[in-house]
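Sequences listed follow chains L and B, in order.
Note that our numbering has the first sequence beginning at 1, numbered continuously upward.
Note that our numbering has the second sequence beginning at 140, numbered continuously upward.
There may be inaccurate statements among the hints.
Mimicking EDC-like on lysine to aspartate or glutamate, the simulated pairs with C-alpha atoms at most 16 Å apart in a straight line are [as the list claims (entries may be wrong)]: (1) K243(B) with E66(L); (2) K280(B) with D14(L); (3) K7(L) with D309(B); (4) K7(L) with D239(B).
A few chain L positions that, by computed beta-carbon distances, are all more than 10 Å from chain B [as the list claims (entries may be wrong)]: (5) N2; (6) K19; (7) S52; (8) E66.
Computed footprint of chain B on chain L; a stretch qualifies when at least three of its residues, placed anywhere within it, have a C-beta under 8 Å from a C-beta of chain B [what the hints assert, rightly or not]: (9) 54-64; (10) 110-116.
Hint data in this document are derived by calculation from the structure and do not stem from the laboratory.
Quantities reported herein were computed from a predicted structural model and do not represent experimental measurements.
Every residue, glycine too, gets a C-beta built ideally from N, C-alpha and C.
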Amino acid sequence: MNIIITKKDLERIDLCLNKMVSSARAHSALLIDRSGQLITHHGNTPGIDVLSLSALTAANFGATAEIARILGEEEFTLLFHKGKTENVYFSAIGEHVILVTLFDDNTSLGLIRLQINKIIDELSGILSSIFEKRKAPVN
Amino acid sequence: MILLWLPLWGGEHIMPFINFSKDEIQCKIVYYGPGFCGKTTNLQYVYGQTNEEIKGKMVSIDTKGDRTLFFDFLSLNLGKIRGFDIRVQLYTVPGQVHYDATRKLVLKGVDGVVFVGDSLKVQRKKNIESLINLAKNLAEKGISVRSIPLVMQYNKRDLDGTDSEILPIDIMEKDLNSMLKVPSFPASALKGNGVFETLREISKLVVKDVSRKIMVLDKQFR
Chain L
1 MNIIITKKDL ERIDLCLNKM VSSARAHSAL LIDRSGQLIT HHGNTPGIDV
51 LSLSALTAAN FGATAEIARI LGEEEFTLLF HKGKTENVYF SAIGEHVILV
101 TLFDDNTSLG LIRLQINKII DELSGILSSI FEKRKAPVN
Chain B
140 MILLWLPLWG GEHIMPFINF SKDEIQCKIV YYGPGFCGKT TNLQYVYGQT
190 NEEIKGKMVS IDTKGDRTLF FDFLSLNLGK IRGFDIRVQL YTVPGQVHYD
240 ATRKLVLKGV DGVVFVGDSL KVQRKKNIES LINLAKNLAE KGISVRSIPL
290 VMQYNKRDLD GTDSEILPID IMEKDLNSML KVPSFPASAL KGNGVFETLR
340 EISKLVVKDV SRKIMVLDKQ FR
C-alpha cells in the first residue's frame with residue numbers, strides 16, 4: 001500500500017506534534033509508518049539519525065508484536081525505553097503509524113503520557129482521513 | 140511503502156504531474172537471499188563507495204558471527220527524478236531459514252527486491268528455497284513476485300577459477316530466472332563487481348513503477 005501525504009495534511013500533523021511537544025515539554029516527536037519510513041518530525045533532533053531511528057522503531061514494534069502474539073495479546077500499543085538522561089516513548093496510532101516521543105529529565109513520564117493521550121485521537125482522525133481517501137492502487 | 144509530499148495536491152486544483160516539484164518519494168528496496176549469500180556485503184560495499192552527502196549511517200543488527208540477526212539498513216539519496224527527490228532505503232533480511240518471521244517484518248512496505256543468489260554449487264538448493272520463500276512471503280502481503288520490481292544478482296563470481304566449485308550462470312538463470320525473466324547481474328559483492336549495476340537497475344525499476352503509480356493516481360484525482 002502506498003501513502004500520499006499532501007502539504008495540507010502534513011501541516012495538520014505538524015501542528016499536533018508541535019502542540020504535544022510544547023505541552024509535554026518533550027524535546028522532539030517523530031511520526032513514522034510501520035514499514036520504517038519517516039513521515040515527519042518535530043522539535044529538536046540535532047545529531048540524531050532520524051532515518052535510522054525510524055527503521056529501528058518499526059523493527060522494534062514488529063518484534064514486540066510477535067512477543068505479544070506469543071503471550072496471547074494482539075499487540076503492545078505502547079513501549080517505553082528509559083536511559084540515564086534520554087527516554088523514548090513509542091505509541092501505536094492505528095494499524096499503520098507510530099508516534100515516537102523523545103524526552104529528557106526536564107519532564108516526567110506521567111506528563112508525556114497525558115499529553116500523548118490527548119493528541120492521539122486528533123492524530124488518528126487526520127491519519128485515517130489520509131488512509132481512507134488517498135489509498136493508492138497496489139499494482 | 141511510498142510517501143509523497145505533494146504541496147499542491149489535495150486542494151481544489153489538481154495539478155498536472157510535472158508540477159509536483161520539490162517533493163520527495165521514499166522507496167524501500169530489500170536484498171533477499173539465502174544465508175551467507177552476501178546481502179550485507181552488498182550494502183557494505185555501497186556504503187563504502189558512496190559519497191557522504193548522499194548516504195545516511197549504515198545500521199546493522201547482527202550477531203558476533205557476522206550473521207544478520209534482524210536487518211541492515213542504509214538510506215541513500217538518489218537525487219532528483221522528474222522534480223522528485225528520490226530517497227531509497229536499502230534493507231537486508233536474515234537469510235537463515237528459521238528467521239522467517241523477521242523476513243516478513245522487513246518485507247513490510249517493500250517497493251523492490253534484489254534477490255542475491257549464491258554461486259557456490261553447494262548452495263544451489265538453498266537459492267531455490269529462498270526464492271520460493273520470497274514468493275510465499277510476498278504473496279502473503281498480496282504482492283506477486285512476478286509483478287514487483289525485481290533484480291537477480293549472482294554473487295561470488297570471484298570464486299570462479301578457485302578450488303570452490305561454482306555454478307555456471309546459465310544454470311543459475313535456469314534455476315532462478317527461467318520463469319521470472321528479470322534483469323540479472325553476475326557480481327562479486329566483496330570486490331564490488333556488479334554491485335552498483337544491480338542497485339542502479341533495481342532503483343530504475345522501482346522509480347519507473349512509482350512513476351506509473353503516480354500517473355494512475357494523477358488520473359484518479361483529476
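Okay, the hints, checked on the actual structure:
{"no.": "1", "hint": "K243(B) with E66(L)", "result": "11 Å, holds"}
{"no.": "2", "hint": "K280(B) with D14(L)", "result": "31 Å, violated"}
{"no.": "3", "hint": "K7(L) with D309(B)", "result": "50 Å, violated"}
{"no.": "4", "hint": "K7(L) with D239(B)", "result": "38 Å, violated"}
{"no.": "5", "hint": "N2", "result": "4 Å, violated"}
{"no.": "6", "hint": "K19", "result": "21 Å, holds"}
{"no.": "7", "hint": "S52", "result": "5 Å, violated"}
{"no.": "8", "hint": "E66", "result": "6 Å, violated"}
{"no.": "9", "hint": "54-64", "result": "holds (count 6)"}
{"no.": "10", "hint": "110-116", "result": "violated (count 0)"}
When the structure is compared with the earlier hints, violations turn up for hints 2, 3, 4, 5, 7, 8 and 10 and for no others.
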